[in-house]
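**Student:** In case you want the letters, here they are:
Number of protein chains: 4
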Amino acid sequence: MKFKIGGTARDRYCTRVLFVALMIATAAAAPGARAQAWMPPPPEQRCPSQWGANDELGAANLQTPQIVLRATRMIREGQVYELGKVLDRFVPKAGARSFSLNSARTSLPNGRNQQRSNEETVFTELGQIGTQFDGLAHQALGPHLYNCIENDKVATRSGFTKLGVEKVGALFTRGVMLDIARLKGVEVLPANYEITVADMEEAMRRQRVDFGAGDTVLVRTGWGRHYAVDNALYLGPSPGIGIAAAEWLAQRNVMMVGADNCCVEIRPNPDKELALPVHGLMLVAHGLFLVENLELEAMSRDSVYEFAFILQPLKLKGATGSTVAPIAVR
Amino acid sequence: MKFKIGGTARDRYCTRVLFVALMIATAAAAPGARAQAWMPPPPEQRCPSQWGANDELGAANLQTPQIVLRATRMIREGQVYELGKVLDRFVPKAGARSFSLNSARTSLPNGRNQQRSNEETVFTELGQIGTQFDGLAHQALGPHLYNCIENDKVATRSGFTKLGVEKVGALFTRGVMLDIARLKGVEVLPANYEITVADMEEAMRRQRVDFGAGDTVLVRTGWGRHYAVDNALYLGPSPGIGIAAAEWLAQRNVMMVGADNCCVEIRPNPDKELALPVHGLMLVAHGLFLVENLELEAMSRDSVYEFAFILQPLKLKGATGSTVAPIAVR
Amino acid sequence: MKFKIGGTARDRYCTRVLFVALMIATAAAAPGARAQAWMPPPPEQRCPSQWGANDELGAANLQTPQIVLRATRMIREGQVYELGKVLDRFVPKAGARSFSLNSARTSLPNGRNQQRSNEETVFTELGQIGTQFDGLAHQALGPHLYNCIENDKVATRSGFTKLGVEKVGALFTRGVMLDIARLKGVEVLPANYEITVADMEEAMRRQRVDFGAGDTVLVRTGWGRHYAVDNALYLGPSPGIGIAAAEWLAQRNVMMVGADNCCVEIRPNPDKELALPVHGLMLVAHGLFLVENLELEAMSRDSVYEFAFILQPLKLKGATGSTVAPIAVR
Amino acid sequence: MKFKIGGTARDRYCTRVLFVALMIATAAAAPGARAQAWMPPPPEQRCPSQWGANDELGAANLQTPQIVLRATRMIREGQVYELGKVLDRFVPKAGARSFSLNSARTSLPNGRNQQRSNEETVFTELGQIGTQFDGLAHQALGPHLYNCIENDKVATRSGFTKLGVEKVGALFTRGVMLDIARLKGVEVLPANYEITVADMEEAMRRQRVDFGAGDTVLVRTGWGRHYAVDNALYLGPSPGIGIAAAEWLAQRNVMMVGADNCCVEIRPNPDKELALPVHGLMLVAHGLFLVENLELEAMSRDSVYEFAFILQPLKLKGATGSTVAPIAVR
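Heads up: the sequence lines are chains A, B, C and D, in that order. Per our numbering, the very first residue in the first sequence carries number 1; after that it's consecutive. Per our numbering, the very first residue in the second sequence carries number 1; after that it's consecutive. Per our numbering, the very first residue in the third sequence carries number 1; after that it's consecutive. Per our numbering, the very first residue in the fourth sequence carries number 1; after that it's consecutive.
Isolated chain A, as found in the complex:
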């Protein structure tokens, strides 16, 4: 099941040299005609979704007892990997996002037992902060959310009346990690690196893993090493999967795709006229969830590529997502 990528230090060095040379060559090449022409599937092709015109769950429909049992079979050693980052005011915050946690003493000593109590208030973009799960109200293509639900008809001041993350439920699936940084022999992929289908297929071959419908695929870019260390760098241009890789994953009907970067996808997209195209493709066109800002270093170090992946979105009514603390268990 496990596979040591590369053999000797020299092998790894050669891999890295070749990769960097290739990056330079790639960067010089003009973006192809395909990328420039790409558009997300139009409404008539993506609606109704494969789960019916009234569906609000998207890929969560894949969550069945069989999927749970398939995931459970991955648990052989009982070892848990924490994939959530610590959440405090030093996490990367895109745009106007903020995070503020303030402790409160709620009681002075009470009763004969001198009981005291503490709690805290938190203000933040709770659906979209830290290690986060993107739900189906997070993204729209033009006027439409997933399943061609009209954004403006279901958006209220206090949350979405449809597609809220509270409907998803816990996700308990078999997970696979594709360690692309390791495949390329680097600690961190370059900021402009688009992960391709060929990369993923090569990683699967070398790691001897495969995946299918209902599985979770985690992609390691190494970019997570900048998280809370250099937030401006972390939130700037960063490596990730491209459109082709996203389409390939969607065809395989996975439940979620996660990564150790801010957005799963390469950012900005090499096609400068597209805005976060993988987000729209996955969430809106396919109803497929994304998990961002994952902590994948320990799994990489231990060469853990197959596991049970368990994620519990908060049941925030009408929210677009949830900060989470998912685990991988093997």
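Among the hints, erroneous ones may be present.
Taking beta-carbon pairs under 8 angstroms as the criterion, some of the chain D residues facing chain C (in silico) [what the hints assert, rightly or not]:
1) P41
2) V154
3) K162
4) T196
5) S300
6) Q312
Below, a list of computed lysine to any residue pairs in the SDA-like style, where the Cα atoms sit at most 20 angstroms apart [said to hold, decoys possible]:
7) C:K93 x C:E194
8) C:K153 x D:Q114
9) C:K93 x B:R97
10) D:K153 x A:P109
11) B:K153 x B:A37
12) D:K167 x C:R70
Pairwise CB distance ranges (calculated) [unchecked claim]:
13) D:Q79 x A:N192: 55 to 63 angstroms
14) D:P42 x B:M39: 50 to 58 angstroms
15) B:K153 x D:P237: 25 to 33 angstroms
16) C:V197 x D:K153: 49 to 57 angstroms
17) A:N61 x B:E297: 18 to 26 angstroms
18) A:F90 x D:M39: 34 to 42 angstroms
19) C:Q66 x D:E202: 52 to 60 angstroms
20) A:P268 x D:M39: 13 to 21 angstroms
21) A:L108 x C:A213: 23 to 31 angstroms
22) C:A213 x D:P48: 16 to 24 angstroms
23) A:K272 x D:D230: 29 to 37 angstroms
24) B:A94 x A:M39: 45 to 53 angstroms
25) B:E273 x D:P65: 47 to 55 angstroms
No wet-lab data here; the hints were simulated from the structure. Note that beta-carbon positions come from the ideal geometry of N, C-alpha and C, so glycine has one too.
Add chains B, C and D to chain A, keeping to what the hints say.
**Tutor:** For chains B, C and D alone, kept in the frame of chain A given last:
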């Protein structure tokens, strides 16, 4: 494994009648000398904790690969029970607590793909709202948190420097539910009902379940039926475990105790001079976690008494707890 | 300047009886054809505003040194009336609004002088809570804010790029209070009472006050007595000015209209097909500000009808209004 | 009333050169024995305050009708100076403070008049952000707030039960600005410049202004030019009044002292063992208010040294201060 409590409707009726009669008799009795004299263990008895003078994890030390494997063996059907309540502004809010979720449109249509984005701000007592996990910084006895850590030395404006909930990690244990409301033949236990050791032993016998070190014990009172239906009632006097039951659970070295009420314990305590004594006993004296406001109705209906219990506290740095959406899987 | 409305207790009783009788008669009458036909002025009539096509200030353009001097002349005794309500979590909160203030100790004793510091976080709808000033981004008629600025072009996630309340500046004008409750001989006007032009003219006559361009007009309904006492009642149907009175005030080119109720205007409007029509009329069509939830009892008790009115909106960038603590000085 | 400081450009140059030379000399001198020995007045000297043992108002007791009339006499031209800074997320934020304003659309088009409504949520340290008024619960010396009120007895989770800023009321006083930067011939005082009694006396002489009991004194350092331009610089070491100047102001029984810097006082204090000593001296020992982060450039440009100063703290119950938008009127 499963056990149908009561046989016929008539049996159940008799159980209920007897129980109510007993309640009236009990309420009339004066509180005993023992209850009035009870005090939490003094510092010299409770510190250092069983896990050493520097420990900040408490019962999370029980979380080992063996405990994960023990829990995994409970998963036979792949059926998941969602034990978290939906979180919105209508949940019960004790004291000055609040919850406000406000949607935000973060972008107008961008790029050729007309990408739009939504998110939301949330303001709330995030460690202590909804279905919640109580961490070890939540309660103090006099000046001391768990392991005699001085509250005022580790409390900062932005969280606790020790015992923060981010240190706990995911909890993945075998779980047992003791359905006390069902045992007593009622839908909801009366507000002043203190669950005793005898009740728990009787439930174990009739449900044919047992539990041991590192397990999670969930106690069903039925009180959760008032949640978000009649919040004033829900947050008022309510049934729960008493001190004796809590001590008995702590002796068995369980990892967590959860319930479908606000506070796990009977509230107010029959000994009016004690303030939330089970909280201090469990969290401060024993380093044992509490889980509040659980949704247990579906498990009760299906007579699910043994399961894997999985709970992922948010990694809120320095926080006293976390809202959660735990699951039971069988 | 001052005028004792009514003479003896008996006079006041008669006034009240007549008024109540009239109310019953009025309630029985069908709403007239005029009310049903009323619509706010169409864009071509209201744009550009009297202050030009690029104006963002509305009635704040009336704030000139001459207006300040005119107001200053009202200050003869140096007596200050506080017209702002205390702001805490018990204030009336319409819809999903909330208010949470949480104290924080920001430092332990520092330095030789043992300096300690406290502050607090506040979460609330700061532009629209408590005694509040409504700015020009608060209301729209169809797609348009004041001066036919398109709402969706200037609304961002973090505030409005035009018409933000930070542009208004302090308002320092002559103020007049029309005490309609007193005129009618009641402590509080009935919930369904629409204040008419005739009421205002009668109050002016009996109080011997007049007003003109750039003045502030405060209207006392008595409804403020329910504020923070019975919030459900306070926020329910309530008396206030009607459309005709609003148009009459706008024609006189006043700067602001304030009242001791939630919305200045009668709510709901007698014409059930209109939603807060005075708001749109004043803010959108005329660029004229509203001040809500004022504390007017002390001024009524002292028969203070003319004064300098000073209001300092917070300079919240891009906000729709501001909680305020205005004063009247005579 | 007005006084042109310096005559020719050459005079001003000489002043500046002398000042800078003096600064270098001063910085070289060792701090004297006096500064090292200074301590705030002990409790027995400062309590009860001059306004009695039960007083919670401090210098707000000076606010009388006579003070209002004295201030009103300053208003001769009707010209208003806005002294509040615009409040948005780019303002300087000390420590863990934050500011987040999020717009909300609260209604879709309603009624025949197609009424729409906008508002916003704000999360911030509302008592201590932007241009701010420091109330008497903001600072403590050891265990004591103003008038030896024990901090821990009046601090609750939701505000202070005594000394809350809601009690202060609007302040309407004669104001005087001492333009120390201009006196020294610089645009901005150096970061380590302590404003002395001699500086203030010299400014009074050259500006031909005086002040007395109940007046407000504003001190211009020029430091405000860094506000929201270079926040790290702004919040770092900065010029301001020293202990001697503060004591001198307190002896003159002024109501408030404001400045165009973060803290009124020089920061850090030249005596490194003292933490914000002027804060404790003014707020705790003398019950005298501070106003920070004022916008004073326009008044300096226009040589406005005498005016009516009007400040309306929000009536935030139990708060330590209030963001404000005060004005000067001449």
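**Student:** Under the constraints set out in the numbered hints, which ones does this structure not fulfil?
**Tutor:** Those not satisfied are hints 1, 2, 3, 4, 5, 7, 11, 12, 14, 19, 20, 21, 22.
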